[in-house]
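There are 2 protein chains.
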Amino acid sequence: MTTGTVWGLGIGPGDPELITVKALRLLQAAPVVAYPAPLGGDSFARTIVGQWLGRGQAEIVIEVPMEIAPEPAQAAYDRASLQIARELDQGRDVAVLCQGDPFFYGSFMYLFGRLAGQYRVEIVPGVSSLGAAAAALQAPLAARNDVLAVLPGPLPEAELARRLEDVDAAAIIKLGRHFGKVRRVLDRLGLADRARYVERATLGQQRLLPLELVDPGQVPYFSMILVHRRGVAWR
Amino acid sequence: MTTGTVWGLGIGPGDPELITVKALRLLQAAPVVAYPAPLGGDSFARTIVGQWLGRGQAEIVIEVPMEIAPEPAQAAYDRASLQIARELDQGRDVAVLCQGDPFFYGSFMYLFGRLAGQYRVEIVPGVSSLGAAAAALQAPLAARNDVLAVLPGPLPEAELARRLEDVDAAAIIKLGRHFGKVRRVLDRLGLADRARYVERATLGQQRLLPLELVDPGQVPYFSMILVHRRGVAWR
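Protein chains in written order, with this note's numbering: chain B, 1 to 235; chain H, 1 to 235.
Everything labelled a hint here was simulated from the structure, so no lab data went into it.
All C-beta atoms in this analysis are idealised placements derived from N, C-alpha and C, irrespective of residue type, glycine included.
Some hints could be false.
Once the Cα atoms are required to be at most 25 Å apart in a straight line, the calculated SDA-like pairs of lysine to any residue come out as [said to hold, decoys possible]: (1) H:K181 x H:N145; (2) B:K174 x H:N145; (3) B:K174 x H:D168; (4) H:K181 x B:V147; (5) B:K174 x H:V147; (6) B:K181 x B:V147; (7) H:K181 x B:D168; (8) B:K174 x H:R25; (9) H:K174 x B:K174; (10) H:K174 x B:R229; (11) H:K181 x B:R144; (12) H:K174 x B:V147; (13) H:K181 x H:A192; (14) B:K181 x H:T3; (15) B:K181 x H:N145; (16) H:K181 x B:N145.
Not the full set, but computed from the structure, chain B residues with beta-carbon under 7 Å of chain H [as the list claims (entries may be wrong)]: (17) I19; (18) L82; (19) E87; (20) Y105; (21) Y119; (22) I123; (23) G131; (24) A134; (25) A135; (26) A149.
Using the sequences plus the hints, can you model the full thing?
Have a look at this one:
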């Protein structure tokens, strides 16, 4: 029997219509659909594609603990890859839902690392949060020979400052509790008025704000600051 | 009469199925479709969506001279925005085709800059060449707290070297005739075996190569090198 294929499907940043025609076709054809969810919580990825799923599709929930320590999460991916492998061994394809783009800071790489050696794995790229944030803010990310950096919010303050000083444009991702630090850096560099904050881009609860209107205590993980040294054509 | 809306539609990197459900819906509903094309040549963007277009849709070809000098291109965007504005003034929406993502190094920003002040402009993000290249190479772009840089190939050799030394991962875009220089830099930094070359990702003519197998005289503009300092799980 031929073993099944793992499809790592980029499903986009949140708006269900931002899935590609290709990912939608493969999603609906897959006998098994797997997706991450916080322990005991709802899966955001499952919510995005809920309207596209059929009754006959089996589902594998990858319950990922949200603690900071990486150990429990790694055990969860170990378990999930065994569960997925059992389906593949039965000849069934498994579609793995990946918010945004599978290989842009996505957790899919943990399953990919465990399965790609023994099984056929195919990746369908998706709309990333980067493009979604720029579209929502009506702010071009980068053009011509701009250098663009993607900087995770957890980086140390001095490193963020050094890097922001040295690029034309940047996306600061994974803000959450790091917002206050990032804002201090942007203020100090005189870049605050060339930066904008976007939260839950493309979703109904999307919020676009100048930095001074953001409450640092209410910043979710799925938020981003875009900044461009030359300024941007903000609405 | 209400004026029309400009829809900047990300149509993805090349595979027609990598358009989003949203962009496809808006594309098919638009009475007028505009797209760039080289002077006297075929439009790649038009080719990508050809199968989705209907007979009743008017088309505006934005003929962009391919010279290096920016002046003639700017005149072309001036003309195109006037042409688009005439449609908008008649109450007709205009869908502008944007390869990849509209705001990720896209020429759409030139139209956006000319039209956004006077007309309603909405952007639909698309799958960028970045995610497409990573998917094709089966190589995660970045994860966890990685710093990722997007570096245009035309940057000076010393600047490329300095920046590549200082990041976890990079995408070097717009390679074309700059491939030889980029390869020298990667060789010198000892990063050549952690880099891979991808040409025309997601198209039938897609090519994935280690750097030493690339003919520097045959590198198209639509090619990219991905590199990750820690190495990547290459197939």
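Okay, which hints does this one fail, numbers in order?
Violated hints (numbers, rising): 1, 8, 9, 14, 18, 19 and 21; every other hint is consistent with the structure.
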